[in-house]
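Heads up: the sequence lines are chains A and B, in that order. All residue numbers for the first sequence refer to my numbering, where the first residue is 1 and numbers rise by one. All residue numbers for the second sequence refer to my numbering, where the first residue is 1 and numbers rise by one.
Certain hints may be false.
As the list claims (entries may be wrong) - Pairwise CB distance ranges (calculated):
id, chain 1, residue 1, chain 2, residue 2, range
1, A, L18, B, V181, 46 to 52 Å
2, B, R223, A, G173, 23 to 29 Å
3, B, A42, A, G183, 39 to 45 Å
4, A, R151, B, R178, 27 to 33 Å
5, A, G183, B, E128, 51 to 57 Å
6, A, D182, B, E215, 31 to 37 Å
7, A, R35, B, G43, 46 to 52 Å
8, B, R178, A, E157, 51 to 57 Å
9, A, S177, B, G43, 52 to 58 Å
10, B, E157, A, G121, 33 to 39 Å
11, A, G173, B, L18, 30 to 36 Å
12, A, D182, B, R35, 42 to 48 Å
13, B, Q150, A, N200, 35 to 41 Å
14, B, E117, A, T66, 43 to 49 Å
Rather than coming from a laboratory, the hints here were simulated on the basis of the structure. Note that beta-carbon positions come from the ideal geometry of N, C-alpha and C, so glycine has one too.
2 protein chains.
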Amino acid sequence: MKQNIYDDPEFFSGYKALREQAHNYNVLLEQPALRALLPDLAGKTVLDAGCGAGDLSAYLTARGATTHGIDLSEKMLALAQKRYPELSFERLALEDIASLEESYDLVVSSLAFHYIEDYTGLIASIRERLKPGGELLFSIEHPLTVADKQRRYWVKEADGTDHYAFDDYQEEGRRESRWFVDGVVTFHRTFSSLLRPFLNAGWTLEAVEEPVPSEEAIMQMPRIARELRKPSFLIVKAKRFLRVLGEGVDHPLSLYNQGKGREDNG
Amino acid sequence: MKQNIYDDPEFFSGYKALREQAHNYNVLLEQPALRALLPDLAGKTVLDAGCGAGDLSAYLTARGATTHGIDLSEKMLALAQKRYPELSFERLALEDIASLEESYDLVVSSLAFHYIEDYTGLIASIRERLKPGGELLFSIEHPLTVADKQRRYWVKEADGTDHYAFDDYQEEGRRESRWFVDGVVTFHRTFSSLLRPFLNAGWTLEAVEEPVPSEEAIMQMPRIARELRKPSFLIVKAKRFLRVLGEGVDHPLSLYNQGKGREDNG
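Generate coordinates for the entire structure from the input sequences, incorporating the hints supplied.
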């Protein structure tokens, strides 16, 4: 089922107000960490998967990229199109990326993949839309944050201190929480499950980061200091790699040594 | 400082008794997961880094490998030598791996790296002792387990349920805990810090696993079911890869295409 919580009027107005605050977790933590891992963008074609109100697409365009933004939410897309009328946006679920015809130098996605039930299928369909050597860069809710099914979050102790409640880690799948409205569904995956698709020969894993707030960010928004105790975001960067047609997949070293590597553009 | 807690008489006797139990976390969870990731061992030379009482060395030897076990603890080595007199053991700290002269097809390490302060240096020195294409396979305490500086572990709630206390994640470094004796020192590293050395062109990351207990293991030791809620172990496997001499490091794809890759055996 494709979730379209962003078109829920109450969710939409709450989310919009949050993102319009000068200081929020996106502006102070997630976006700086994601953007620090962007490759050179001049002349590149970029798919912005889960583009929301289009701010990341606009940032990429300003640095020389040609972007195409997709999102399932009509309301978010209307906002994006109004703000950035010169940019390309399309209503499309991330689950339907395979229906796109173009190939991209880069696929970026900011905090959208945790809404998708079939993560492995999503990564495979993104790979098919990347040019050989193209890259995927995405942020996702950190497994530490979403594991606990009861969503107890920060738990107070008798002496006034607190800690983060952790549980249910190996039980992957659907989690419900309240975020502006009840019943927002995200999908919990372990670290190892999030990385597994990128450890095959079809990809080279390039970065795994857990953003740390800067001192300046903490001054601007003191409660973001909690990120030092419990991370909210995970960022992954990977490059589409050679794949050998035929039986099995060879290690790149043997490909090089034997000179038998072949590109699979399929 | 090289920690030699295994030679503390009280620690040693407690640890020895634990490992001699038919059902413990090593036998039921960590060793099966580690061993499942072993490559073909026939004719291979293997360094067992932190070999303890030598059981893993013996397992590897039975599968055709020639092993060399190193450990800092005299008591553990005496036990290993007594149990497996035909195998090769040497008293050497993991911090001094660079002083070994042989190169190995495989370096394995079971639950030793969290005792080492300079993790990045350790991984670099292991790389130098691996043959090109050689592999490193190790288990380590999971960052989730060791992050909390107060070591609150499982916290009871008013209604009788419990959860695991999580905290201090981004504050890497020294942690003290009680395990048989007070003051056992381990070093906390984040998930991203543990993987970072392997995301350079000098390595290919092959596996990242968080072992899940089998139904049989849970039947034999019911409390190991808690591993479904909070993992204790992380397992990493990586292969020593090509490195280009001179300026910068190229992506394997460009090496292949340009035919300019060179092996660095240094």
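Comparing the hints with the structure gives:
1. Distance hint for L18(A) and V181(B): a CB-CB separation of about 49 Å, consistent with the stated range 46 to 52 Å.
2. Taking the beta carbon of each, R223(B) and G173(A) are about 24 Å apart, inside 23 to 29 Å as hinted.
3. Range check, A42(B) to G183(A): about 55 Å between beta-carbon atoms, so the 39 to 45 Å window is missed.
4. Distance hint check for R151(A) and R178(B): the Cβ-Cβ separation is about 31 Å, which falls inside the suggested range of 27 to 33 Å.
5. A hinted range of 51 to 57 Å holds for the C-beta pair G183(A) and E128(B), which are about 54 Å apart.
6. Between D182(A) and E215(B) the beta carbon distance is about 35 Å. The supplied range of 31 to 37 Å therefore holds.
7. A beta carbon spacing of about 49 Å between R35(A) and G43(B) agrees with the range 46 to 52 Å that was offered as a hint.
8. The given range of 51 to 57 Å is broken by R178(B) and E157(A), whose C-beta atoms sit roughly 20 Å from each other.
9. Between S177(A) and G43(B) the beta carbons are some 53 Å apart, a value that agrees with the proposed interval 52 to 58 Å.
10. Checked against the hint of 33 to 39 Å, the pair E157(B) and G121(A) passes, with Cβ atoms roughly 37 Å apart.
11. Checking the proposed 30 to 36 Å range against G173(A) and L18(B) shows it holds: the Cβ atoms sit about 34 Å from each other.
12. With their beta carbons about 46 Å apart, D182(A) and R35(B) fall inside the hinted range of 42 to 48 Å.
13. In this structure the hint that Q150(B) and N200(A) lie 35 to 41 Å apart at CB holds, the actual value being about 40 Å.
14. Between E117(B) and T66(A) the beta carbons are some 48 Å apart, a value that agrees with the proposed interval 43 to 49 Å.
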